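Q: Residue numbers (my numbering), protein chains in the order written: chain C, 8 to 365; chain W, -2 to 518; chain S, 2 to 211; chain B, 212 to 359.
Hints were generated in silico from the structure; no laboratory data involved. This structure is a prediction, so every number in the text was calculated from the model and none was measured. We put the beta carbon where it would ideally sit given N, CA and C, even for glycine. Incorrect hints may appear among the rest.
Unchecked claim - The calculated label-pair distances, taken between Cβ atoms and stated as ranges, are:
hint, chain 1, residue 1, chain 2, residue 2, range
1, B, 258, C, 291, 54 to 60 Å
2, B, 307, W, 35, 53 to 59 Å
3, W, 330, C, 96, 32 to 38 Å
4, W, 323, S, 36, 48 to 54 Å
5, W, 183, B, 230, 29 to 35 Å
6, W, 112, B, 272, 40 to 46 Å
7, C, 176, B, 230, 25 to 31 Å
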Amino acid sequence: MLDFGTITTATDQYLHSVMPTQAALLLECILVALCAVLAYVMLAIVMIFMERKVCAAFQCRLGPMRVGVWGLLQVFADVFKMLIKEIISIDRSDKLLYNLAPYLVVMSSVLTFSCLPFAQGFQVLDFNIGVFFIMAASSFGVLGILLAGWSSNNKYSMIGAVRSGAQMISYELSIGLCILVIVVLSGTMQISELVEAQRDGWFIFKGHIPAFTAFIIYLIAGNAETNRAPFDLPEAESELTAGFHTEYSGMHFGFFYVAEFMNLFIVAGIASTLFLGGWAPLHIAGFGAFNAIMDYIPGSVWFLGKTFFVIWLLMWVRWTFPRMRIDQVVSLEWKYLLPIGLVNLLIMTICVVCGWTF
Amino acid sequence: MNPTFIDTEKFRAQMEELRRNGMDFLRDIIGMDWGEEGLGAIYTLENSSTHETCEVAVRCTSRETPTIASVYDLWSVAEFYEREVYDFFGIKFVNHPDMRRLFLRNDWVGYPLRKDYDESEAINPIRMENEIPEDVQRDYEIAEDAERELYVKQTNKIFGDQYIINIGPQHPATHGVLRFRLALDGEEIRKIDVHCGYIHRGIEKMSEKMTYPQILAFTDRLDYLSAHQNRHALCMCIEKAMGIEPTGRVQYIRTIMDELQRIDSHLLFLSCAAMDLGAITTFIYGFRDREKVLDIFEEVTGGRLIQNYNVIGGVQADITPDFARKVKEFCNYQKRKIEEYNNVFTYNTITRKRMIGVGVLSREDAISYGCTGGSGRASGWACDVRKRHPYALYDKVDFKEIIYNNGDCYDRFLVRIDEILQSIHIIEQLIDNIPEGDYKVKTKPIIRIPEGRYSAAVEGSRGEFGVFIESRGDKSPYRLKFRPMGLPLVAAMHKILKGAKIADLIAIGATLDYVIPDIDR
Amino acid sequence: MKKPEIKSIPYGEFKDNETLEALIQEINKERTNVLVGKLDELINWGRSNSLWSLTFATSCCGIEFMAVGAARYDFARFGFEVTRNSPRQADLIMVAGTITHKMAPVLKRLYDQMAEPKYVVAVGGCAISGGPFKGSYHVLNGVDKIIPVDVYIPGCPPRPEAMLYGMMQLQRKVKVEKFFGGKNRKLSRRDMTDGPIIVTNVPTSETDNK
Amino acid sequence: MEQKFTYIGKIADTIKSLATGLSVTMREFFTPKVTEQYPENRKTLKISDRHRAMLYMPLDEEGNNRCIACGLCQSNCPNGTITIKTKTVVDEETGKSKKVLEEYIYDLGSCMYCQLCVNVCPKDAIAFNNSFENAVFDRNKLIIKLNK
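Just chain C, with the same shape it has in the complex (with noise of 0.2 Å):
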């Protein structure tokens, strides 16, 4: 299989040696950084344009048909649209934090984002509490939200923010304990080690129903870390117009919008590298040629695919629930899931201890 670390081994030796070390490191840093922003904003496209293919689908309905073939270009129409849209500047709003906001959400996301691992070697940082720092930078773009919420000096506005913050910090915590049940399961944070231990077998099946209920329970937490349905309390369209982002227009709107759509590729990709085995192939122990066959799909295509069906059942599910109230949304976190997640650790960690694990 194709260790995408020697590529970036070889251009790291190739650039140490045509220049001193600092301008090498500079060079690679804006390397990574471009080619980080470049693949966010191509899949945040992808999985807008996807979004809206398959919502139609549910809806029977065609969705975009009449830009480009089958609607191709329909999403960069409106990136164009939204790039030379008019800014509009609040009056009596908190200035700063309003400009802010939106960029702080996009540097959550796209730092969240940069860890992913795409294939082997193809990830920026990996070390060993990988998983640790992923939980990290997600968990500070709840903050742009609120401060969205708060300098846009509108109602709705201020509202949405508080009940995105209530729910993305009592969401947090069952992210955590699904997390948490995996790297019982691993014994490691690192996520290079973490999906290499998939190779035989992915985590979902290692540690059959506590990774199950964790999986499931995790797909749950993450959907309301995204805010989407049906835990889009903060943007309600029928209720708070448009929430958190009801004053924001032009490209500031366009960064809450493409981090909603990141945001969800992210859950979606911890998803499939903590229990579905990342860039790992599907190996069946005992089918050799099968294993083999598997082998010669790319990494890349493995954790890509993964990914986009674990983003697929999240929009099965968005476009098929209505809305929760944020009371019920709260309750179904502090009554359900956090119990029924702090048992699946302790099963979790019976199994290990007895080894009961495949």
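Please build the complex by placing chains W, S and B on the supplied structure of chain C, with the hints as guidance.
A: The following block gives chains W, S and B in isolation, referenced to the frame of chain C:
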């Protein structure tokens, strides 16, 4: 049927007497301007158990300071009806707690439905400045730092210093241009103030200058989701007054179309309720199937929404040859699809959690507020006009009046779903037996109604729709009043909303199922 | 002269090409260089295919607008399905329904709150001229009295196809605009704060009621 | 113990109802879509003959309309959508002067399609057709002269 006028002094005692005698449903208050004889109002009452009706007319002689005693404590809905009469006629209701205008801006000059109202643009031009609510008092002070110009301190008489948010007029969940001002405590609603009139089009005033066939066109646009039933009511009223008896064929067609319209409206209700609760997919499913009804409408009447079908003495055009086949096809299709909505939305845990026990309207309140239609029946009040005062063919067909008893959002939702099935049941009984005959009775070219008062009521898609005509023998009415289906529902909002959250407001608004142009007229 | 193209309907079959051609001539009075012209085309392509409308409906036409969004007619095919509830994020306002005196300031305010470039489509008789309620004391006879209208879609209410047709007309209008060196603001800040704008091309009282 | 059971029972019930909903949308995901693609299907689009999109004057074989300029449609119109301009012409054979139609002006932008004009017309000189593609850029383009 000319009721005697009651003096304004004796009026209050008389009304109390009537209320004690079981007249617990105030159908409508019709403001009147009898010209020289003075201003006044006609109260139409009904006994909710015996269905006995009566009319009380009260007249005050003074045109400058007309006053009538308020009856808002006897019938809760009178609070809004009286505000409407005040708005249009300038009659002050003594002891009314909140005598503000209901529809027009508070800086409006004059009372439009009075006969001597001056309509000129100069008096009431289009005012482009924002309306300042009457309950808000603004104090202007010069701020300490000269940078800022003026410091505005706002005090509010209704809400005090509670946290107020505005929902509407442009808001996705108000189904049009209704406006609520809410006082919030966190997510909980403490108080609500409803503002109507953002689509008040003055239909009743315009009607006084138009001929009867011309007025017919307005009824379609009142509540566009019961366009057919509204028009049915007005045609019925005029036919009754002129002594025209429509043929059997017409009655069959009208009944079938009424029920199709009801299905259409309930499907839209279901879709919009789902959308308000965030289930956009169910919304699309509902609309997908609604198109099938609209196809039938378009085939027969030529209009999808505004059908223009009933005319005085019959219908505009005969049904098409394959009408019966298409309707039967649709009925069979729709029966299957109800199951789909139920599976994806109605029985869903989230939906049930959002709706069960939310926004309870008790039976007493439903009657007192006059909440007819599905909302009233969900509270256990058998208020279906089709059963109470049968018209057209409703005494000949077999159907069940759907009644639930909890009065919460979920019951209001279920009532409509079941009513779709009942409507299909009615249609199936009629569709194969449409008798031959003329689709229209010949009428005189100019339609005049003999002097007198006439009224008719039908069961619209969302309640009792009434028409009241006072004629002086001309080709246009002296006074025409439509009983709105939605106004009582909106009047009951503040009662229903006790202790609800913002999200509940949306669910309650969606399930009460009002259409704003019908409220505002 | 460049002619805006719309898939599936030939240029000649569109109505009111005269007004559009006059508009093109008006806009292209000054010559621009090729590069800027190409960029403009790209931007206009983006703008015209991404018209997000404000969910604004007052009466009957609003229901037909919802029908356009639903499965049968599906304006998502054009990329219009992203209806925004906040005027800040919307590109066009479809005035669907009667505008009364009480609603007029609200509509104007909504329009002012929208970010440029913004467009207005008057849907149905009421929004175009007051329609059935022309003679009423409380109805605004045409929204073009308070906000500039780009496309008029007649009908009472117009059927969904007619609305789609109107949207395509708007696309054509957007496609001939100029971003660089063109007029990107419909109203100056001064106009926005002042009272109603006077639009002059409203037909005179000849066809009015009284 | 009972408390515990309802707790789990609730969860089971929830999962069941949610799964039912998911299965419905999943089925719809694979059913053929109902969308009619309007501008693409312009040639085959069938609209009910009774649909009212615009008033027009049917012409006879010689290309004349049947209007006798009686003005009934104008007086029956609820909101002044129809304006008839007439002129007086002297008939050459009989020598009598006669009112004939000069211009039949119809404001498409304010028509409410109530059909009163069509119903009242003694000669069936006007009717509604279903050409719905009428959106324009200029308000004045909606004021149409119907007679040629």
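Q: Could you work out which of the previously given hints the structure breaks and list their numbers from low to high?
A: The structure breaks hints 3, 4 and 6; every other hint is satisfied.
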